[in-house]
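Enquirer: Take a look at the letters that make up each chain.
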Amino acid sequence: MTSPYQCLVARESTETGPGGWTLFGACGSTLVAQSSSGGTSAWTKPDDPVTETQPQDEETEGPPEKKVKLSQPPKQQKANFSNLIVSSDGRYLVGVTGEDKCIRVFETDITNQLRQLSERCMTRRPCSIALTSDDSTILCADKFGDVYSLPLLPSPDYQAPEAPAPEPTKEAEWVPSATVLTVHSGRNRKTLEDQLKQKKKGPAPPKDDMKFEHQLLLGHVSMLTDIVNAEVDTRRYIITADRDEHIRVSRGIPQAHIIEGFCFGHEAFISRLCLTQSGRLVSGGGDADLYVWDWQNFKLLEKLPLLDAVADHLKSRSELAVGEISKVAVSGIWSVAYQDEILVACEGVPALFSFKVGATTNSGSASTEFSSAIALKGNALDVAFLPISPTSSVVVVSIDHVHKPGSTKEAREDKDVSRLQCFSAEENGKWQEDSHTSEALKSFHDQVFDVEAGAIGGDDSATGNGKGLGSADDKALRDMLYNVENLRKRPGAED
Amino acid sequence: MPGEPAKRQKREEYKKTLIENDAALPKKKFYRQRAHANPFSDHSLTYPKSPADMDWASLYPTYAVEDKEQTTSRSHDNDEEEKSTAVKALTKNVEIADIGCGFGGLLFALAPNFPDTLMLGLEIRTSVTEYVQEKVRALRVQNAATGAYQNASCIRANTMKFLPNFFQKAQLTKIFLCFPDPHFKQRKHKARIVSYTLNSEYAYVLKPGAIVYTITDVQDLHEWMKGHFEKHPSFERVEKVFEEGEGKDGEGMDECVRLMRSETEEGKKVTRNNGMKYVACFRRLVDPAWP
Ligand SMILES: C[S@@+](CC[C@H](N)C(=O)[O-])C[C@H]1O[C@@H](n2cnc3c(N)ncnc32)[C@H](O)[C@@H]1O
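In order, the protein sequence lines correspond to chains A and B.
Just so you know, we're using UniProt numbering here: the first sequence kicks off at 1 and counts up by one.
Just so you know, we're using UniProt numbering here: the second sequence kicks off at 1 and counts up by one.
Heads up, a few of these hints could be off.
Cut-off 27 Å, straight-line C-alpha distance, at most; resulting in silico cross-link-like pairs (DSSO-like, lysine-lysine) [to be verified]: (1) K188/B - K211/A; (2) K28/B - K269/B; (3) K299/A - K92/B; (4) K489/A - K188/B; (5) K29/B - K15/B.
With the Cβ distance kept under 7 Å, some of the chain B side facing chain A (calculated, not the full set) [claimed, not checked]: (6) D42; (7) S50; (8) M160; (9) K161; (10) P164; (11) T197; (12) S200; (13) Y204; (14) W290.
Label-pair ranges, simulated between beta-carbon atoms [said to hold, decoys possible]: (15) D209/A - E223/B: 21 to 29 Å; (16) K303/A - A35/B: 37 to 45 Å; (17) K303/A - E66/B: 31 to 39 Å; (18) R32/B - K327/A: 37 to 45 Å; (19) K299/A - D22/B: 42 to 50 Å; (20) K269/B - D308/A: 55 to 63 Å; (21) S392/A - K231/B: 43 to 51 Å; (22) D209/A - K231/B: 18 to 26 Å.
Source of the hints: derived by calculation from the structure; they are not laboratory data.
Remember, predicted model here, so these are calculated numbers, not experimental data.
Glycine is no exception: its CB is placed at the ideal position from the N, C-alpha and C atoms.
Could you build the full structure based on these sequences and the hints that come with them?
Expert: What follows is the structure, encoded as structure tokens:
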């Protein structure tokens with residue numbers, strides 16, 4: 001089974017002349033690149049058995065997921081890409097592979113060969129990454145709410161600070177931190193007993209295994225879902241969003257410990273942030289509306305009725321047979337270059353929704369209007385913009401060709417559905433299917449990998465007869481493609 | 001959850017009697033609750049969408065602004081309007097927060113000492129919060145003549161997640177973190193109520209010059225809190241005399257330090273056990289200019 005591209009990103013490539021571009025896609029643990037001149041290349045994570053760095057503790061303890069201890073057989077684990085960004089100079093591609101919590105930096109040359117320069121495994125799973133505007137620093141927001149900075153290119157002479165060497169068992173010197181005088185609860189007494197037992201063995205070695213240059217910048221006590229780097233005049237900001245409805249505006253490095261304010265208003269989780277061309281912030285997640293912010297003043301300017309737009313669109317496509325919907329989960333918001341327009345994707349919805357976010361009008365308020373929906377042949381997964389000219393770009397959308405449009409669970413019957421669709425803007429601002437670019441991306445379409453095997457196959461091994469979507473691999477694929485609605489809180493959770 | 005059915009029923013019956021018998025202080029035994037609540041889990045918490053959405057007037061009714069003003073502006077069905085009036089719903093803002101206030105010992109000692117300052121206990125455990133609320137109510141009734149304790153209140157909150165939902169930037173002058181749960185295990189350190197990253201949130205709600213008070217009987221936790229505040233550029237440690245005073249009587253010791261040593265329930269427990277109390281206080285510095 002071929003898998004869809006779960007991540008897409010593009011850059012300008014003027015080496016071959018003006019209007020040149022390169023598109024990168026992630027399919028499972030494989031990266032694919034194709035340039036406008038037709039050259040393609042691929043990179044697959046070497047198939048070494050991924051030894052889970054921290055078997056249980058890290059993944060099971062923290063927020064906000066339920067503790068599920070699976071006693072899985074030590075299986076070879078795939079590390080699928082969950083994020084992909086490109087540096088503003090186009091030279092570097094930064095990807096996150098979720099399962100092994102790794103940030104991978106690639107160099108891309110004119111021939112579009114991908115060379116992995118570094119692989120840095122974080123202790124917590126990265127949820128979103130961004131680059132500072134000078135491309136020097138990666139900002140990594142993780143599942144436990146922390147944001148770390150890492151140099152894009154690790155300096156060769158970095159010396160990890162001497163870890164306090166695991167004390168050779170000098171029994172007398174190590175004093176447990178719980179003492180018989182600190183009797184707060186039965187549980188603590190138990191801890192004390194454990195610690196006294198531990199005392200015989202000496203303290204456990206410290207567990208910070210990030211043996212590369214990194215710095216803790218800020219943190220929420222929640223799961224972070226998105227991070228944006230913003231620069232206004234000379235001021236730099238870091239904007240972070242979490243599962244507990246917070247949008248936090250902090251100063252940028254080196255003052256990232258200073259919180260400037262919060263954009264309050266969401267009532268459900270926030271999953272995506274997007275800065276528009278005119279500098280507005282758009283946020284979306286589990287709420288019915290998208291929110292448009294004057295984020296430097298923490299003021300809500302407007303709400304965009306996304307749920308209504310999605311419901312109307314689905315109703316208009318009776319062939320999808322999707323019933324009434326009562327909620328959406330935003331899986332992507334993208335700012336369209338050269339225009340004050342955003343495109344929005346929702347989990348399990350075979351369309352993109354375009355909104356025009358107006359610059360400030362005379363009255364001082366923003367005028368935004370919902371403009372249109374772009375129907376797709378499968379659920380939208382990711383979007384990239386190919387800069388085909390100095391003033392326009394082509395939208396490439398990766399499509400879920402495995403599940404039924406409108407469903408995140410059911411397998412689709414029609415095969416041979418392309419994994420990409422392309423659109424370009426017409427004079428009137430409407431998006432039209434762009435078959436020319438689609439044709440140019442043919443080899444990108446046709447690359448065949450298997451999320452499970454990670455192997456690149458030829459054309460025909462491809463769309464093999466569809467097995468049902470019941471297997472563990474299918475579940476893995478589903479979990480990789482659709483994980484936003486899971487962020488929604490379930491009422492009546494433990495008290 | 002308050003335990004097996006019989007016990008719960010007793011509690012409920014007890015709580016009914018309270019409503020009729022206004023001035024009676026609540027009995028602690030009906031409000032005890034498992035010591036640890038997980039600060040990461042979702043709970044079924046209620047919290048305001050933003051500080052402007054907080055209904056302060058119901059917590060401090062004698063400080064509520066005139067009814068007239070409120071109803072006129074409240075009638076507007078407009079977000080913006082509502083926000084600006086909600087903030088004005090009190091004649092003054094809360095300035096002191098006791099985070100993880102437990103049974104409220106410190107709060108009840110502070111209230112008469114700072115009669116003109118509004119203070120709020122924030123506690124994650126439901127029954128413990130209820131106890132403090134009942135006690136506030138009873139003390140207000142008992143002191144109706146003087147109006148004492150009108151300045152103290154308590155709400156249920158997970159401050160590790162939602163502190164900025166309650167307080168605006170630079171609203172507070174004092175935060176108390178008294179005998180926080182130690183979370184001894186290394187793996188649980190992210191559950192500690194003091195950390196470098198959380199300190200940014202404390203800095204956010206504090207005015208420049210405001211103080212964070214910490215006290216604990218666990219030396220390891222003391223070192224941890226000290227380390228994480230000292231590392232944070234928005235704070236500096238206060239002078240030694242502020243924390244300890246001088247001479248036998250601790251002359252010059254800050255009034256609140258004195259109260260927090262003696263009036264917190266945990267402080268009393270530690271005194272009974274002849275345990276150590278470690279105090280560390282930090283001052284909120286002015287933010288530096290943008291780089
Ligand atoms: C050991 S008690 C100390 C109580 C009181 N401060 C005293 O000194 O007597 C710590 C308290 O903090 C509360 N707590 C722990 N985490 C909290 C959180 N995230 N938000 C609010 N309260 C919390 C606990 O429920 C507990 O009542």
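Enquirer: If a hint holds in the structure, say so; if it does not, say that too.
Expert: Tested hints:
1. K188/B - K211/A: Holds, at roughly 22 Å.
2. K28/B - K269/B: 15 Å, holds
3. K299/A - K92/B: 23 Å, holds
4. K489/A - K188/B: Judged against 27 Å, a Cα distance of about 23 Å means the pair holds.
5. K29/B - K15/B: Holds, because 12 Å separates the two Cα atoms, which is no more than 27 Å.
6. D42: 4 Å, holds
7. S50: For S50/B, the interface hint holds, since the closest Cβ of chain A sits about 3 Å away, which is under 7 Å.
8. M160: 4 Å, holds
9. K161: 5 Å, holds
10. P164: 5 Å, holds
11. T197: This interface hint holds because 3 Å falls under the 7 Å limit.
12. S200: 5 Å, holds
13. Y204: At 4 Å from the nearest chain A Cβ, Y204/B passes the 7 Å test, so the hint holds.
14. W290: 6 Å, holds
15. D209/A - E223/B: 21 to 29 Å: With a Cβ separation near 23 Å, D209/A and E223/B satisfy 21 to 29 Å, so the hint holds.
16. K303/A - A35/B: 37 to 45 Å: 42 Å, holds
17. K303/A - E66/B: 31 to 39 Å: Since the Cβ atoms of K303/A and E66/B sit about 32 Å apart, the hinted range of 31 to 39 Å holds.
18. R32/B - K327/A: 37 to 45 Å: 39 Å, holds
19. K299/A - D22/B: 42 to 50 Å: The hint (42 to 50 Å, Cβ to Cβ) holds, given that K299/A and D22/B are roughly 44 Å apart.
20. K269/B - D308/A: 55 to 63 Å: Distance hint for K269/B, D308/A holds at roughly 57 Å.
21. S392/A - K231/B: 43 to 51 Å: Roughly 49 Å apart at Cβ, these two residues keep to the hinted range, so it holds.
22. D209/A - K231/B: 18 to 26 Å: 21 Å, holds
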